[in-house]
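Chain by chain, the residues run as shown.
There are 2 protein chains.
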Amino acid sequence: MTSIRERLTELRKACPALSSSSAEARNALLEEIARGLEADRKEIFNANEKDLENAKDLSQAVRSRLRFNEDKLQSVTDSLRDVASLEDPVGKVLMREELDSGLLLEKISVPIGVIGMIFEARPDALVQIASLCLKSGNCLVLKGGKEACLTNRALYESIVRSSLKCGFGGWIELLETHEDVNQMLKSEGLIDLLIPRGSNAFVRYVMQNTTIPVLGHADGLCTMYIDRDADFSKAVTCALDAKTNYPGACNSIENMLVHADIAPAFVPLMVQSFEKAGVTVTGDEKCRQYAPCTPATDADWDTEYLDLKISIKVVDSIEQAVSFIAQHTSHHTDAIITENRTAERYFMEHVDSASVFCNCSTRFADGFRFGLGAEVGISTSKIHARGPVGLEGLMTTRFLLQGNAHTAGTYMGKNARQFTHRMLETGSPSQILKG
Amino acid sequence: MTSIRERLTELRKACPALSSSSAEARNALLEEIARGLEADRKEIFNANEKDLENAKDLSQAVRSRLRFNEDKLQSVTDSLRDVASLEDPVGKVLMREELDSGLLLEKISVPIGVIGMIFEARPDALVQIASLCLKSGNCLVLKGGKEACLTNRALYESIVRSSLKCGFGGWIELLETHEDVNQMLKSEGLIDLLIPRGSNAFVRYVMQNTTIPVLGHADGLCTMYIDRDADFSKAVTCALDAKTNYPGACNSIENMLVHADIAPAFVPLMVQSFEKAGVTVTGDEKCRQYAPCTPATDADWDTEYLDLKISIKVVDSIEQAVSFIAQHTSHHTDAIITENRTAERYFMEHVDSASVFCNCSTRFADGFRFGLGAEVGISTSKIHARGPVGLEGLMTTRFLLQGNAHTAGTYMGKNARQFTHRMLETGSPSQILKG
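Note that the protein sequences, when read in sequence, are chains A and B.
Read left to right, the first sequence gives residues 1 to 435 (my numbering).
Read left to right, the second sequence gives residues 1 to 435 (my numbering).
One should not assume that every hint holds.
No copy labels: a pair is met if it fits in one copy or bridges any two.
[Claimed, not checked] Pairs of lysine to any residue residues, derived as SDA-like cross-links and limited to a Cα-Cα distance of at most 20 angstroms, are as follows:
#1 Lys234 / Arg417
#2 Lys309 / Gly371
#3 Lys146 / Arg65
#4 Lys72 / Asp124
#5 Lys309 / Thr77
#6 Lys309 / Gly409
Hints are computed from structural coordinates only; laboratory data are not their basis.
Quantities reported herein were computed from a predicted structural model and do not represent experimental measurements.
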C-alpha cells in the first residue's frame, strides 16, 4: 500500500495544471460533477443506506446529518452550479505598479496549493468542500467522519470519474482511517492549509499539533453588551435572536453584559423575555438583585453553552465591558446595542474580534449572510483569513515582474537610476499574463 | 523578577489604546523618537563603544553591522521620518456592502496585535522594526543579538522615554537573554506573529518550534531559466546581476537552467562571463560538454551558496525547467529569460514562487524596489503574507456590522426577507467608525 506521504507527493504534482487551468474548464468540471452525482444517485444512496444501517445505534442528530437522500443530492447539485456561477477568484490583479519604464510589477491572486480538510460525518460537506477547492484551483485531500465512509467513497469516486472525463486527473484524494489524520498533521510542505471541522476539542487538537497553518475556530464565545444608551426593545429583539435562533451555533451569544445605569429597568425585562423563550439565565450578584436567577460561577463566563443558557453580568462602564470581553472572548463575534455613536465607535475600535457588530444579532457572522457567495469556514486567526471566509480565503498571491534586461545594480550606487514606483489601476485582467 | 509571560500579558493590555490611536498621534511619536535618539546620541554611542569593545574578537563583518555611529543615527532618523510620511495602513475599508436596508457591513484593516521580533546584532534594525510596528499600531516585543545588548538597551530606553512623553506607555518590550527566545516561541495567545531574522538554520528552528504564525523565509534558493528564445545579451546581463550584485542576499541566484537548443552557443558565453566576474561554475554533464567546469553533485542543486558560485544544468524543455524548479526552489524568487510570450506566460503561471520574474534580475525581489515604502521581511509562506512584505503585512482585518435591531431569524424560513448584498465603493474612510 502507498504511504500517505507518497499519495500527497503525487497529489502535489497535480497543482500546476489545476492552478493554471481556465475558469471555463473548472466551471465545466463543476457542472460535470453535478451531472455525475445525479447519474450515480443509485450507488450513492445505496452506500448511504449501509452507512445508516451501521449507525443505527447513534443519536437521531448524527443520523440526520449522515443521511444523503434526494433532498441532499438536490441541495449539493444546486450548490455546485451556484459555485460555478461565482466570479473566478484566480488571477485577480491586486496591485499593479510600474517600477520603472518597461519594468512592470503585478501582485496576482493564485491558489494556495493543497488544502487538507478534516470534517465530520456529513457527506454533503465533501461535495461542498470539493467544489470550493476546485473553483479556487486548489488540490484537496479529505478525511471525513468514519460513520459516512461508504457514502464518502461513493461521492468521491463519482467526482473522480467526472474529473477524468474533463481531463483533470489526481487533484483530489480521500483518506479514510483515523491514523491518517495524524499523518496529515505532520505533512508540512505537502499540505499548505488545514481546515478542520468538528468539536471544539478536535479543532483545538489540530491547532496545537501541527506546524501547518490552520483555518478555523475552536470556540465561539460571543458576548452582547447592552449599553447605557441602548434602545431596550432593540436589545431584547437582538439578544433573543442571538441566543435562541440556533443555540448550537458558534455565533450565538453565551454572555450578556448590562450597563449598571440601566440594569434596574433592563435586567428584569430581559430575564423575563429569556425565560419565556426557554432560556436558563445565570447572573452575577448585581444581576440577581434585579431578577432572581441561578448564581453564575467563574467558569460560566468562559463556557460556550451551545444551549439555551446565558450568563448575565452588570458592568459599571463601557470600558469595563470592553475589558471583560478582552479577557473572555474567543475573538469570534461580539456586539454592542446602543443609540450612542460615541459608544458604538469606542466599542468597534477597542474590541479585537473578527466580527464586531452594533445593533444587530451576532448570528449575522456567517459567509452566506455576509454575501461571500460560499463559506469555507469562520476563522479566528488574525493571520491571512479572519471571520467568515469565502473563496478569497483559499487564495494567496504571487508577484509577477516583467522587465527588459533590468538589473538591480542599475538602481544602486552613485549614478543610481531612480524607480518611478507609479501605481496603476488594477480593475483589468493581468497585463503580464495575457496573450 | 517578572516572568516573560507576565511581561507579555502586560504588553498585550497596551494593544487597544495603540490600535485605536490616530495616525497623527502615531506619526507625532515617530518624530519624537527621531528627536529623542538625536538628543540621546551620546549615551547611545557610548553604549555602542562598549559593545564594540566586547566584540573585538569577532569578524570585521559582524563589527561593521554592530557599529552605531553618526551615519547610522542619521539613517535611522531619516527612516523614522520616512515611515511617518507613509500613508496610514490602519482602518482602510477593504470591502463595504449593504446586506439589507440599514444593515451595513465593512471589512477594515486593523493591527495584528503583538509582533514578536527576533533579530541579529544590528542595532539599527531595532529602530526600523519599532517604527514599522508603531506606524501600523502593533505592540512589539523584541529580542536582539547579544553582541548589541548595550546599544539595544540605550536605543530602547530612548524610545520608551519618547513614548511616555507622547502618552504611549507600555507598547514595546525588550528581552535580552537567549532563554527568552524559547519563552517567546511558547507564547501562543500572547504573541500574534513572529518575525525571525538571522541565519537560515535559526529561522528554520523558529518555524519548526512554535505554533505561532511566522513571517519570514529560511532559504533563498533562486533559479534563472534561460529559454530557447532568450536574448543572449539580456540573459548574461540579468544573470550577472542576479549572481554578483550581492551574492550573500537571499534573492541572488544559485542555479541556472539552460534550454538544450541554445546550450552549445550560450553555455560557453555564460561560463566565460561568470568566470570573468569571479564566479565559480559547477555544471551537469551536458553543461560540461560546452564549457569545462567542476562537475555538479546532487547536493549542489539544493545548496544556497550565498557566495560567488553557481550551478548550471541543461534542460530539454521549459516543462523540464518548471518541474526542476518545483523540486528545488525555496519558493522565494525564480526568473525566466525569453523573448517568447507563450513561454513567459507558461513559466509565470506554472512556477509557484512568491516572486516570478521575466527578463530581469531576481535581485528586484525586495520591499524597497517594489515600492512598498518599508520592508518588514520577505515571506515564503503562502498564508497571509507572501514575498516582500510592507506595512500591510502587519495588518489584519475586522468585519464591522451596523444594523438597527436586525435579527438573523428574519432572513430564514418560509417568509424569509432577502438580503440585498449590494457591494459599495471602498475608496472613502469607514462610514461605521466615523463621527
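Hints versus structure:
no.: 1; hint: Lys234 / Arg417; in the structure: between (62 angstroms within a copy, 18 angstroms between copies)
no.: 2; hint: Lys309 / Gly371; in the structure: neither (30 angstroms within a copy, 53 angstroms between copies)
no.: 3; hint: Lys146 / Arg65; in the structure: within (13 angstroms within a copy, 57 angstroms between copies)
no.: 4; hint: Lys72 / Asp124; in the structure: within (7 angstroms within a copy, 61 angstroms between copies)
no.: 5; hint: Lys309 / Thr77; in the structure: neither (37 angstroms within a copy, 56 angstroms between copies)
no.: 6; hint: Lys309 / Gly409; in the structure: between (67 angstroms within a copy, 18 angstroms between copies)
In summary, the numbered hints that this structure violates are 2, 5.
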